[in-house]
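Listed here are the chains, written in short residue letters.
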Amino acid sequence: MRAFFEKRENLLLFLAARTRDMATAEDLVQDLYLKISALDRDADVRAPAALLYRMASNLLVDHVRSAQRGARRDAAWRREAVGGDGTHEPVSGAAAEEAVIARERIRQLAAAVADLPPQMQRAFRLHKLEGRSQAETAQAMGVSVKMIEQHIQAAIRHLAQRLRT
Amino acid sequence: MLSIVADEEGTMAQASAWLARLQRDDLTEADGLEFEAWLEADPTHRAAYRDALAAWQAFDTCADDVLEELAAQERRGARRPAPSRRWLVSAGGFAAAAALALALLPPMLTSSAAQTYATGKGEHERITLADGSVVDLNAETRLTVSYERSARRVVLEDGEAIFDVAHDAKRPFTVAASQRVVRVLGTQFDVRNRQGELTVTVARGKVQVEPADAAATDRAFVLRPGQRLAIAQTGRAQLQSVDPQETFGWRVGRLVYRGEPLENVVADLNRQFVDQIEIADPELGRMPITGVIVVDDQDAVVQRLSLMLPIRSVPSERGLLLLRK
Numbered sequence: 001m002r003a004f005f006e007k008r009e010n011l012l013l014f015l016a017a018r019t020r021d022m023a024t025a026e027d028l029v030q031d032l033y034l035k036i037s038a039l040d041r042d043a044d045v046r047a048p049a050a051l052l053y054r055m056a057s058n059l060l061v062d063h064v065r066s067a068q069r070g071a072r073r074d075a076a077w078r079r080e081a082v083g084g085d086g087t088h089e090p091v092s093g094a095a096a097e098e099a100v101i102a103r104e105r106i107r108q109l110a111a112a113v114a115d116l117p118p119q120m121q122r123a124f125r126l127h128k129l130e131g132r133s134q135a136e137t138a139q140a141m142g143v144s145v146k147m148i149e150q151h152i153q154a155a156i157r158h159l160a161q162r163l164r165t
Numbered sequence: 001m002l003s004i005v006a007d008e009e010g011t012m013a014q015a016s017a018w019l020a021r022l023q024r025d026d027l028t029e030a031d032g033l034e035f036e037a038w039l040e041a042d043p044t045h046r047a048a049y050r051d052a053l054a055a056w057q058a059f060d061t062c063a064d065d066v067l068e069e070l071a072a073q074e075r076r077g078a079r080r081p082a083p084s085r086r087w088l089v090s091a092g093g094f095a096a097a098a099a100l101a102l103a104l105l106p107p108m109l110t111s112s113a114a115q116t117y118a119t120g121k122g123e124h125e126r127i128t129l130a131d132g133s134v135v136d137l138n139a140e141t142r143l144t145v146s147y148e149r150s151a152r153r154v155v156l157e158d159g160e161a162i163f164d165v166a167h168d169a170k171r172p173f174t175v176a177a178s179q180r181v182v183r184v185l186g187t188q189f190d191v192r193n194r195q196g197e198l199t200v201t202v203a204r205g206k207v208q209v210e211p212a213d214a215a216a217t218d219r220a221f222v223l224r225p226g227q228r229l230a231i232a233q234t235g236r237a238q239l240q241s242v243d244p245q246e247t248f249g250w251r252v253g254r255l256v257y258r259g260e261p262l263e264n265v266v267a268d269l270n271r272q273f274v275d276q277i278e279i280a281d282p283e284l285g286r287m288p289i290t291g292v293i294v295v296d297d298q299d300a301v302v303q304r305l306s307l308m309l310p311i312r313s314v315p316s317e318r319g320l321l322l323l324r325k
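Chains as they are written, first to last, in full-length UniProt numbering: chain P, 1 to 165; chain H, 1 to 325.
Bound-form chain H, shown alone:
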């Protein structure tokens, strides 16, 4: 019974993927031929595609009316709490895909010119700050920047970013994340603050990481190029030598892992794609992965994963389920 449901959902996912692909701006005969091959591959494909098509075309004759209605709903619903709880129940984990667009939120009351930047799933954003410093934001990242006369302060609330900081000795540049402060001169480094774990990797210059609370007894660390500091949620710190370019790889869609548990790799991938990957059993999630994953097309990525580990994937309600082969 379960397998039939999974199959049906898989077919529906394929049908939707085809319909989306046929919307490409540069549609060619190759798309047509492959589409036909898929249609003919199984009699259920045609029916699923017609279902998807019906939903798609339902909007065609009344797109403007639907837009107007949406605008009207938004005006009425400005007071409404979080965007519809129904969604959470019906689609389970998909609510996680409720990502923030790059948003310029109103400045906080306490600070004169704080700006918040946020990226959603699969989004990378490069921001150039007033002093010429450049920050690359990874997916699902949120940070606040406030520049004052004698300080440049960034708060990395969640996520990962690479900072390329313009030198200005009179205005120290600090990044606060996970109860630590990263203090820099002119330098390039990556800060990652996810699930309570903080890592700082330095490519150039010198960086100091210290407890945000001056009274704390935790020690401070000074990092030099090629060093990475990882501080676990428990407070345990580990300093190691790394190739910074591996850590910076996400900026160009390359994730490099050395003995990283599969569950962490999957968590990274799930920030890049709409369809979410789940791991069937926890033991599988702990298997280590070493290698480079190029993040382009999700199917191709999963394909590559299955070459690194004895796993296979099946479609699931949220996206994909990884199973032991």
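Just chain P, same shape as in the assembly:
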């Protein structure tokens, strides 16, 4: 338990690698905490850090799976609620302004992706935007999984630099 509190921030950053935002990562850290409190107090844990990360990895696997299901459901719901063409009229002035800002942000993100070199961009689109696993992305592109990880790494570096300013 002490190990958990000492490593809380590290665990948060570890989990956040696969969640949509920091708040979701916080939720997962909370789940992890509950799971750990449920463990037998007297159990002799020889490597608490390893156990924590093992549990965190398992939690992530479950989370990624259910998040994908959720996203698909959301998308289906949105299509139905909004109508086939995906457009809808904002109701109030504030909502309209918000929509304009969101629009601008999406244009920025898309422009940053469009500026990546072609192979790197393709890897990023398949893996990050279309949500394929690294192995699936590697297969689709006919390169090794190692290569996909390299492309993703380089893409993150470029995007972080570009979006920081």
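Calculated directly from the structure, the hints in this document are not laboratory data. All clues stand as given, with none of them false.
Below, a list of computed lysine to any residue pairs in the SDA-like style, where the Cα atoms sit at most 20 Å apart:
| id | chain 1 | residue 1 | chain 2 | residue 2 |
| --- | --- | --- | --- | --- |
| 1 | P | Lys146 | H | Gln298 |
| 2 | P | Lys146 | H | Ala300 |
| 3 | P | Lys7 | H | His45 |
| 4 | P | Lys7 | P | Ser57 |
| 5 | H | Lys206 | H | Arg219 |
| 6 | P | Lys146 | H | Ile293 |
Could you slot chain H onto chain P? The hints should help.
Below, chain H without anything else, positioned relative to chain P:
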């Protein structure tokens, strides 16, 4: 000042590498423990990682919208020239990584059934041709194949490939590269056409290399198994005996060198990895390397290089900079 920038970039590169690694399909506790060790190693690591994370998560809530916007931009930009010049300026050499995916380009107008194959950085591709001949393409290679009734013609525009040719005496198989034609019967051989230098290495069978222009006065060479012909840009030709399997090693990720200048070795490696290696001074680039380099992980490769030569590496804007130790 410069060293601080380099450090910051190095840290950012590490943070990106970690975030990419944490996307692995088979994430384990070992990844977690090593990640934690890296986080704790230096206070700047945490901040760099959070920066990388912010950019990464920015796409999460709107991945579909970004995809739609990209598709819309592509529809609008079909007329747009080369993909954004801004990129060239901001990232310098990274534009070199703008690699071609294996592409099937539309056939050329002059030929009935020419097909072009191209590989990008780090890509190897095996293609099987209509007659059962097999061609292995090394990274950053582009070749065109056209089969006619009485001829099988390949043009190796740039790069390196190993040909394993099905025997067919009625339809000679030729590879045109760098103003030479390689003529073969059933055989296996490697042709490399990079930066104006052509090398042909034969493992099996017999190969003839002659000037593409019939009127040229350059002589023709006949190569037998275990022979390699190298023709420099100046036209100077050198014939030597080699172990063909060393030349063919790239197909299985093994590069074998005998007294090869470091700059040539680095040029080979830079075709295999996204992050580009640069050499600090030209004199260092001329130092000869003899040995086998297994191409798997770039860090490991650089590590092995530093065991062969008195060099060390530091992160740079494009990837890595090699310095004298």
